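Take the sequences, apply the hints, and build the full model.
Quick mapping for you: the protein sequence lines, in order, are chains A and B.
Every letter in the first sequence is one number past the one before it in our numbering, and letter 129, counting from 1, is 129.
Every letter in the second sequence is one number past the one before it in our numbering, and letter 210, counting from 1, is 210.
No wet-lab data here; the hints were simulated from the structure.
Values in this document were obtained by computation on a predicted structure and should not be read as measured data.
Heads up, a few of these hints could be off.
Straight-line Cα separation of at most 27 Å, DSSO-like style, residue types lysine-lysine; simulated pairs [as the list claims (entries may be wrong)]: (1) Lys130/B to Lys76/A; (2) Lys304/A to Lys117/A; (3) Lys117/A to Lys322/A; (4) Lys228/A to Lys240/A; (5) Lys213/B to Lys76/A; (6) Lys228/A to Lys169/A; (7) Lys322/A to Lys213/B; (8) Lys117/A to Lys228/A; (9) Lys228/A to Lys76/A.
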Amino acid sequence: MYSQGLIGADGSTDESQEVLAAFQQRIDAEEKIEPNDFMPQGYRRTLIRQIGQHAHSEIVGMLPEGNWITRAPTLKRKAALLAKVQDEGGHGLYLYSAAETLGVSREEMTEELLAGKAKYSSIFNYPTLTWADIGTIGWLVDGAAIMNQIPLCRCSFGPYARAMIRVCKEESFHQRQGYEIVMTLAQGTPEQKAMAQESLDRWWWPVLMMFGPHDADSQHGDQSMAWKIKRFSNDELRQKFVDATVPQAEYLGLTLPDPDLKWNPEKNGGQGGHDFGAIDWDEFWAVVKGRGAMNRQRVEARRKAWEEGAWVREAALVHAQKRAERNRLMTQAAE
Amino acid sequence: MGDALFCYVLRLADDHLILGHRLSEWCGHAPMLEEDLALPNIALDLIGQARALYTHAGVIEGRGRDEDQLAYLRREDEYRNLLLLELENGDFARTMLRLYLFAAFMELFWERMLASKDETLAAIAAKAIKETRYHVRHSAEWVIRLGDGTPQSARRLQAALEELKPYCAELFHSDAIDREVASAGAGVDPAALRQDWEAEIAAVFRESLLEEKGIGDGHQTGGRLGRHTEAMGFLLAELQYMQRTYPGMQW
Chain A
1 MYSQGLIGAD GSTDESQEVL AAFQQRIDAE EKIEPNDFMP QGYRRTLIRQ
51 IGQHAHSEIV GMLPEGNWIT RAPTLKRKAA LLAKVQDEGG HGLYLYSAAE
101 TLGVSREEMT EELLAGKAKY SSIFNYPTLT WADIGTIGWL VDGAAIMNQI
151 PLCRCSFGPY ARAMIRVCKE ESFHQRQGYE IVMTLAQGTP EQKAMAQESL
201 DRWWWPVLMM FGPHDADSQH GDQSMAWKIK RFSNDELRQK FVDATVPQAE
251 YLGLTLPDPD LKWNPEKNGG QGGHDFGAID WDEFWAVVKG RGAMNRQRVE
301 ARRKAWEEGA WVREAALVHA QKRAERNRLM TQAAE
Chain B
1 MGDALFCYVL RLADDHLILG HRLSEWCGHA PMLEEDLALP NIALDLIGQA
51 RALYTHAGVI EGRGRDEDQL AYLRREDEYR NLLLLELENG DFARTMLRLY
101 LFAAFMELFW ERMLASKDET LAAIAAKAIK ETRYHVRHSA EWVIRLGDGT
151 PQSARRLQAA LEELKPYCAE LFHSDAIDRE VASAGAGVDP AALRQDWEAE
201 IAAVFRESLL EEKGIGDGHQ TGGRLGRHTE AMGFLLAELQ YMQRTYPGMQ
251 W
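Below you can see the structure in the form of structure tokens.
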């Protein structure tokens with residue numbers, strides 16, 4: 001998943017107005033832009049940044065859930081969690097591949113992540129403290145990710161849009177699985193229900209922050225909208241998410257930790273929707289800027305894996321060269 | 001026969017659970033993204049095999065214990081896995097070499113189990129053999145890459161072999177339980193697999209330029225009797241954390 005709020009479209013380009021207008025025409029006609037097609041530098045840079053952040057989020061996102069694999073309460077849950085975390089890694093892999101079609105390598109993107117230059121979704125800077133968090137992440141974090149990603153299936157850049165179709169299918173499954181974990185707890189013993197509620201209390205607000213700053217404070221949304229990379233504004237998606245989640249929480253018998261949450265028949269153009277309380281943006285920006293509970297540890301874990309794995313990657317490369325050289329000599333000898 | 005078969009299947013189930021647990025520890029921490037996918041994938045296969053085996057063991061025992069009661073709610077000395085499999089992962093070389101040593105053994109084991117008179121075991125073998133062949137291929141390729149890679153990778157692989165060597169003989173440990181199950185046609189006597197295993201290992205070790213003398217002469221045994229290494233208690237502390245903290249709940 002990724003946080004829409006981190007994306008800043010860089011509109012600066014060197015291209016002439018005619019060329020840009022022709023490109024915009026293709027976008028407006030809902031044509032897919034493919035890797036070998038012309039695209040403005042700003043469009044390319046925006047996508048590299050966005051797809052890179054998205055890929056990093058999948059990879060860093062393996063850590064908080066991976067934290068519970070060895071402690072999963074049953075073998076069935078363990079198997080499902082392993083499969084889920086593996087899916088996230090798979091999403092990372094094909095997102096990196098989609099970004100590579102734009103002329104950046106996975107290694108470069110990884111180095112940027114480790115150097116703190118590339119961002120990932122802030123939600124993964126929160127710790128997973130109980131088993132209930134595994135359910136809550138599936139239900140809410142993946143649920144919010146789906147809200148963000150469904151529109152990306154229609155993104156103007158072909159490889160990203162196609163990757164999103166598969167990612168969304170798997171994320172929907174994860175979300176149902178997460179909801180089912182929370183439901184089991186909510187219908188369990190008082191202790192289990194308390195565990196589910198405590199987890200919801202911790203995750204609810206950070207999940208709402210996943211959609212990014214309010215539209216009025218979001219600097220780069222317009223260009224991404226015009227390029228049809230982004231289809232809905234941060235606030236629109238957040239509202240959809242809240243409206244979808246409130247009945248789910250009610251069904252579980254859990255309470256969303258927001259005293260200001262109430263039905264408003266005027267909302268959503270008269271269709272009705274939920275008003276909700278003020279988001280603590282100081283917390284959001286603090287976590288984005290590195291002052292979350294787990295920022296350091298998450299990047300450190302990725303750095304450790306990358307650095308301690310360097311000798312393995314080098315060995316694989318050297319072995320492949322040795323093998324190619326031997327094959328070449330054998331072919332030569334045969335001739 | 002029931003008691004012996006129960007112990008036999010339980011040992012096998014414990015092997016798969018414990019190695020699956022160790023491999024799952026790599027998830028998110030592997031040297032490359034492809035291995036972040038491959039290692040949990042293999043762990044998932046092993047846990048799946050463990051589940052089928054525990055369920056079958058529970059049926060044989062006939063006391064109503066399900067897969068989770070067997071997997072989570074025993075004392076350390078009641079786990080009967082090979083010591084080799086509970087050792088900490090160490091580096092990537094040790095992890096891959098251990099997987100290879102065990103998977104190469106299990107490939108031979110499952111091939112013979114296809115003919116088991118116990119229909120459930122034969123069916124488990126039929127599914128497991130396909131997965132195990134992939135585990136062998138994947139791990140053998142890595143053993144070769146590391147052995148015939150850089151001086152550092154070769155040194156690490158050789159060091160891993162020295163660490164693991166003392167534990168390999170236990171793969172072929174055979175006692176009254178194995179013999180009873182084997183002679184009834186329900187299982188395989190692991191002692192019978194030793195020659196084939198050594199031949200298989202030798203071929204891969206040659207390609208990986210590994211010095212493999214004395215691989216079957218190890219002195220570290222005890223897992224089959226419930227005498228474990230110091231690593232086991234910590235593994236179980238994690239594995240059993242939820243079930244021990246919140247006894248008797250549904251998850």
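A quick look at each hint next to the structure:
Distance restraint check for Lys130/B and Lys76/A: the Cα-Cα separation of roughly 21 Å lies within the 27 Å cut-off, and the hinted pair is therefore satisfied. Restraint check for Lys304/A and Lys117/A: satisfied, since their Cα atoms lie roughly 17 Å apart, inside the 27 Å limit. Restraint check for Lys117/A and Lys322/A: not satisfied, since their Cα atoms lie roughly 36 Å apart, outside the 27 Å limit. Under the criterion of a C-alpha separation no larger than 27 Å, the hint pairing Lys228/A with Lys240/A is consistent with the structure, at around 19 Å.
For the suggested pair Lys213/B and Lys76/A, the alpha carbons sit about 41 Å apart, so the restraint of at most 27 Å is broken. Restraint check for Lys228/A and Lys169/A: satisfied, since their Cα atoms lie roughly 21 Å apart, inside the 27 Å limit. The hinted pair formed by Lys322/A and Lys213/B meets the criterion: a straight-line CA distance of about 26 Å does not exceed 27 Å. Between Lys117/A and Lys228/A, the direct Cα distance comes to roughly 25 Å. Compliance with the 27 Å bound is thereby established for this hinted pair.
For the suggested pair Lys228/A and Lys76/A, the alpha carbons sit about 41 Å apart, so the restraint of at most 27 Å is broken.
When each numbered hint is compared with the structure, violations occur for hints 3, 5, 9.
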